Amino acid sequence: MSRNTHERAERLIDRRHIEGLSPAERQWLDAHLEGCGACAERAHLTTEAIASLRAVAVPVNPAIVNLAKARARMRAAELRRRDERLRPLWITCAFSCLMMLLTTPCFWRAFEWVGQTMRLPAPVWQAGFLLWWSVPAAVAAIALLWLERSGRLFNGRGEGAGTLEG
Amino acid sequence: MRQECAEIARGLRKHDPDLLDRLIERYHYRLLRYLISLTGDRALAEDAFQETWLHVLERGSQYNGRASFESWLFSIARHLLIDWSRKKKGVSLEALTEPDDDRAPLQVPAEQPSSLELVAEREETERLAQALPSLPAVYREVLVLRFQEEMKLEEIAAVAGVTLSTAKSRLYRGLEALRRSIEGGRG
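Chains C and X, in that order, give the protein sequences.
Read the first sequence against my numbering and you will find it ends at 166, with the numbers running on by one and no gaps.
Read the second sequence against my numbering and you will find it ends at 187, with the numbers running on by one and no gaps.
Just so you know, the hints here were simulated from the structure itself, not pulled from any lab data.
Note that the coordinates shown come from a computational prediction; the quantities given were computed from them, not determined experimentally.
Keep in mind that a hint or two might mislead.
[To be verified] Simulated restraints, written as ranges between beta carbons of each label pair: (1) X/V162 to C/T103: 46 to 54 Å; (2) C/C97 to X/Q62: 19 to 27 Å; (3) C/L130 to X/R66: 14 to 22 Å; (4) X/E7 to C/V60: 22 to 30 Å; (5) X/E7 to C/R54: 23 to 31 Å; (6) X/S61 to C/A94: 12 to 20 Å; (7) C/R54 to X/I82: 23 to 31 Å; (8) X/R66 to C/T103: 39 to 47 Å.
No residue lacks a Cβ here, since even glycine has one placed at the ideal position from N, Cα and C.
Could you build all of it, start to finish, from the sequences and the hints given here?
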């Protein structure tokens, strides 16, 4: 038998377990293994190694499973509380966005009218509109960030998740 | 299967504690076995096991229910280990998952009927228990996912965060390395 034949057989032995073989390839390989001791030994060793890998057992301590369940329950409760706390915030944000969409054209016209009445240059009343439009949102964002950093808005993970370990 | 995954995704979005209990009960063995295979260190694997379930809760909204839950779970566990290895400055995942010679991460089942066939099987498993930790972690991982977890090649690639061809290549090399290691153990 040529070297190429053995190399093909070796490739197919591995491929049988990894990607699978076509019926023709399987037939060819089986025929080759019947007549080639070295390749048959390799195939046997591969099958044995994989069977042993499948047979490996890992003893599990039930305590770590129970601990994982308890920690997960605690964390789930924390996350649900956080979601409940955030719900009014999301509703407020959605309401604000809606109001912004509805009122922006009206306020733009109002600022324009005030600017024309008071004979202000266009950039001045436009800057005023921009400030009116952006400052409250910026203040709210800064306040939320401050609340979050100080741990008053979200209940940080460090506060409850590790208590079972102690 | 798809419906079950969709239900899991819905439950995770709601942080359903009963669902978490069921998932932990169902996947604890496979997850721990994967983590032990990857790290070669039981204590580290048990820590990662605890943390993985917290990450599952926190990132539950990212699971869309289209992929299988186990591949998503294993990928969370893998990313967690990578994060830990990054926090250990200058230590790679490979170094983190390097086995400690004093510990035996893979253990042979204690209760086996004492027939001759099972004794031979047990000896083979013991040989493997010595051979497997000596393989590089990237090979151990794909071998475990393929032959213990019976994952499809696409799922293995998704868990390992590599292309399909890289996953296949690692499997071929890993199988070769495992065979050599077992042969070396026999010799």
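Status of the hints after comparison with the structure:
1. The hinted range of 46 to 54 Å is satisfied by X/V162 and C/T103, whose Cβ atoms lie roughly 52 Å apart.
2. Between C/C97 and X/Q62 the beta carbon distance is about 24 Å. The supplied range of 19 to 27 Å therefore holds.
3. Against the hinted window of 14 to 22 Å, the Cβ-Cβ separation of C/L130 and X/R66 comes to about 44 Å, which falls outside the hint.
4. For X/E7 and C/V60, the Cβ-Cβ distance of about 26 Å falls inside the hinted range of 22 to 30 Å, so the restraint holds.
5. For the pair X/E7 and C/R54, the supplied restraint of 23 to 31 Å holds, since their beta-carbon distance comes to about 29 Å.
6. The given range of 12 to 20 Å is respected by X/S61 and C/A94, whose C-beta atoms sit roughly 18 Å from each other.
7. At roughly 27 Å, the beta carbons of C/R54 and X/I82 sit within the given window of 23 to 31 Å.
8. Take X/R66 and C/T103: their Cβ atoms lie about 40 Å apart, and the range 39 to 47 Å holds.
Hint 3 from the list above is the single one not met by this structure.
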